[in-house]
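2 protein chains.
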Amino acid sequence: MANKTYTVAVVGATGAVGEQMLKYLEERQFPVKELRPLASKRSAGGTIRFRGQDVVVQEATPEAFEGVDIALFSAGGSVSEKLAPEAVKRGAVVIDNTNAFRMHPEVPLVVPEVNKEAIRNHKGIIANPNCSTIQMVVALKPLYDRYGVDRVIVSTYQAVSGSGWQAVVELEKQTQASLAGDQLPLNVMPVSKLDKHYPIAFNVIPQCDVAQENGFTLEEMKMVRETKKIFDDPEIKVTATCVRVPVYRGHSESVYVELKQDFDLEEVRSLLENAPGIVVKDDIQEQVYPMPIDAVDRTEVFVGRIRRDLHHPRALNLWVVSDNLLKGAATNAIQIAEALIAEE
Amino acid sequence: MANKTYTVAVVGATGAVGEQMLKYLEERQFPVKELRPLASKRSAGGTIRFRGQDVVVQEATPEAFEGVDIALFSAGGSVSEKLAPEAVKRGAVVIDNTNAFRMHPEVPLVVPEVNKEAIRNHKGIIANPNCSTIQMVVALKPLYDRYGVDRVIVSTYQAVSGSGWQAVVELEKQTQASLAGDQLPLNVMPVSKLDKHYPIAFNVIPQCDVAQENGFTLEEMKMVRETKKIFDDPEIKVTATCVRVPVYRGHSESVYVELKQDFDLEEVRSLLENAPGIVVKDDIQEQVYPMPIDAVDRTEVFVGRIRRDLHHPRALNLWVVSDNLLKGAATNAIQIAEALIAEE
Numbered sequence: 001m002a003n004k005t006y007t008v009a010v011v012g013a014t015g016a017v018g019e020q021m022l023k024y025l026e027e028r029q030f031p032v033k034e035l036r037p038l039a040s041k042r043s044a045g046g047t048i049r050f051r052g053q054d055v056v057v058q059e060a061t062p063e064a065f066e067g068v069d070i071a072l073f074s075a076g077g078s079v080s081e082k083l084a085p086e087a088v089k090r091g092a093v094v095i096d097n098t099n100a101f102r103m104h105p106e107v108p109l110v111v112p113e114v115n116k117e118a119i120r121n122h123k124g125i126i127a128n129p130n131c132s133t134i135q136m137v138v139a140l141k142p143l144y145d146r147y148g149v150d151r152v153i154v155s156t157y158q159a160v161s162g163s164g165w166q167a168v169v170e171l172e173k174q175t176q177a178s179l180a181g182d183q184l185p186l187n188v189m190p191v192s193k194l195d196k197h198y199p200i201a202f203n204v205i206p207q208c209d210v211a212q213e214n215g216f217t218l219e220e221m222k223m224v225r226e227t228k229k230i231f232d233d234p235e236i237k238v239t240a241t242c243v244r245v246p247v248y249r250g251h252s253e254s255v256y257v258e259l260k261q262d263f264d265l266e267e268v269r270s271l272l273e274n275a276p277g278i279v280v281k282d283d284i285q286e287q288v289y290p291m292p293i294d295a296v297d298r299t300e301v302f303v304g305r306i307r308r309d310l311h312h313p314r315a316l317n318l319w320v321v322s323d324n325l326l327k328g329a330a331t332n333a334i335q336i337a338e339a340l341i342a343e344e
Numbered sequence: 001m002a003n004k005t006y007t008v009a010v011v012g013a014t015g016a017v018g019e020q021m022l023k024y025l026e027e028r029q030f031p032v033k034e035l036r037p038l039a040s041k042r043s044a045g046g047t048i049r050f051r052g053q054d055v056v057v058q059e060a061t062p063e064a065f066e067g068v069d070i071a072l073f074s075a076g077g078s079v080s081e082k083l084a085p086e087a088v089k090r091g092a093v094v095i096d097n098t099n100a101f102r103m104h105p106e107v108p109l110v111v112p113e114v115n116k117e118a119i120r121n122h123k124g125i126i127a128n129p130n131c132s133t134i135q136m137v138v139a140l141k142p143l144y145d146r147y148g149v150d151r152v153i154v155s156t157y158q159a160v161s162g163s164g165w166q167a168v169v170e171l172e173k174q175t176q177a178s179l180a181g182d183q184l185p186l187n188v189m190p191v192s193k194l195d196k197h198y199p200i201a202f203n204v205i206p207q208c209d210v211a212q213e214n215g216f217t218l219e220e221m222k223m224v225r226e227t228k229k230i231f232d233d234p235e236i237k238v239t240a241t242c243v244r245v246p247v248y249r250g251h252s253e254s255v256y257v258e259l260k261q262d263f264d265l266e267e268v269r270s271l272l273e274n275a276p277g278i279v280v281k282d283d284i285q286e287q288v289y290p291m292p293i294d295a296v297d298r299t300e301v302f303v304g305r306i307r308r309d310l311h312h313p314r315a316l317n318l319w320v321v322s323d324n325l326l327k328g329a330a331t332n333a334i335q336i337a338e339a340l341i342a343e344e
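Top to bottom, those sequences are chains L and P.
So in UniProt numbering the end of the first sequence lands on 344, straight run, no missing numbers.
So in UniProt numbering the end of the second sequence lands on 344, straight run, no missing numbers.
Among the hints, erroneous ones may be present.
[What the hints assert, rightly or not] No farther apart than 20 Å at their CA atoms in a straight line, the calculated lysine to any residue pairs in the SDA-like style are these: (1) Lys237(P) to Lys228(L); (2) Lys228(P) to Leu310(L); (3) Lys89(P) to His104(P); (4) Lys228(L) to Asp145(L); (5) Lys228(L) to Asp309(P).
Simulated from the structure, these hints should not be mistaken for laboratory data.
These figures come from a predicted structure and were not determined experimentally.
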């Protein structure tokens, strides 16, 4: 097993998350025998750099998955819906970063720090949760294990890169236009496929993803549903308000947690400090707390502003920050791949 | 009374809020007999424009309040502490926009839409609440009256102008430097008088104002304490997380409210629509919701994302936006002045 190597496909290799996947596969020295970067017809033919070599990007077709062992998908839900079954049919295990299969009962939804064991039950597809869910459940896990979690009320401060490179470019161009007093380009935010587009430069938008019937957005409902599935606990209650802010990378979350038992605040801090994947930055007196600007290119989840609620005896408040392209997407996907090959 | 006119001092006339006070006194045709713009020694001698005239800014000294009927203070807590009693001694009624007297038991803390009647009890000083509190209590008032409010969990998205013009300039300069790849000027955010300064351009900072012993910040505790005082209800529970975002003007708030009784969501919407000072913008299906960019230069409080909580039977979620320099400061102060002269 130690010497086994794998043919790895990255679908969406030229996208914001795909680029981080390639970088991270290289940095973590993932045992790649052959890398197969795949993308839309439009992006095919270009090259990406991997381990000092130029690798040609191929078009993502069903045949492109012949001989692939692990296929990392991050090219949008419709691409996954169409091609993930084709990859599985050809013998690949798919790790899918889109919303396409996350709630499918036969698809494990995995954050290795929380439910690595769920990987064993896969039937070809393993889903990577939504970025805003991942960082929250990593922070909740040690509290869940020690005290139980009754409910969570979360408000997010989400970076534009969650909507892809086009959103990053739009924030930059809008900011330049705003400073120059020019008209702002408005094509992407809050949801590119919807009719109305609003400025994100020097603004905040209380909508990430499309609206649902119940008045919440899909992004908010992802946090609600995925948290239950990852903890395998239909009783855990989450209410979310998801908001886009003019930040390139790094999602922040204001998290109120009601535990099932009373807790000791020092013990909470110690549990978080000792939990895998978490870095505690928590000393408001010394102005120490997590910020997105410090989380960029880091794979951990940063937790701070840890404080007992003023009113509810079993509640506390946290501030949780992580790089949405790394732990929120690429890092988590590759950690799943690492756990997968460790099981073999 | 209808023809009575007043000598009005504006202390901090050259500041971010002072400028809006002058503009708003003019627009609302407040019955000003004489305007007396006051500022620090450094700013004295310059002129401001009022009703088409240049008016010389005088130094704010005790003697400058001779003959003043109404003194609007917005030049920081230490200036108010020193000079508000001097103004009162000389017969002025002080409307103070700083934190200096807000929690003093003999000082009414007033948001006219909520507790205008408290003005009657003043003993020379009336306090204007903190910007983030004002917009929240305006939105809560119709719900409080109809159902009672048990508790509130709020996360804020606060504009930099809450820290004055220097913060507005810093956001702009940092943004320019960031786009150019230059070193960022770091002098103001999150709290100018503290040791450490962090970038606000393309970042969010989970600290507004100084830390308190309990791990909350002063800004957060203002929301907790001021809400109780304004509603004259020590039982109302507020938990706040206050966060600075790279927005020039307009505070946003994600507000979770537990009511004392069950409610009908359509009735909630109708109560909010008919409440003074509120504009409801609420249709997520059509991408209609408040955003800071739309609230600038508007005096109302905008409410949207109105939705029943997914779990708690008496809770709902709101998104509340207002111009922090207007309803959050200047407009509210002048509405207090209007209510004051109407009482005479």
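Structure-based check of each hint:
1. Of the supplied pair hints, the one linking Lys237(P) and Lys228(L) is violated, its CA atoms being roughly 28 Å apart against a limit of 20 Å.
2. Proximity of Lys228(P) to Leu310(L) is assessed by CA-CA distance (about 14 Å); at most 20 Å being required, the pair is judged to hold.
3. Restraint check for Lys89(P) and His104(P): satisfied, since their Cα atoms lie roughly 18 Å apart, inside the 20 Å limit.
4. Only pairs whose Cα atoms come within 20 Å are accepted, and Lys228(L) paired with Asp145(L) is accepted, the gap being roughly 14 Å.
5. Between Lys228(L) and Asp309(P) the alpha-carbon distance is near 17 Å, which keeps this suggested pair within the 20 Å criterion.
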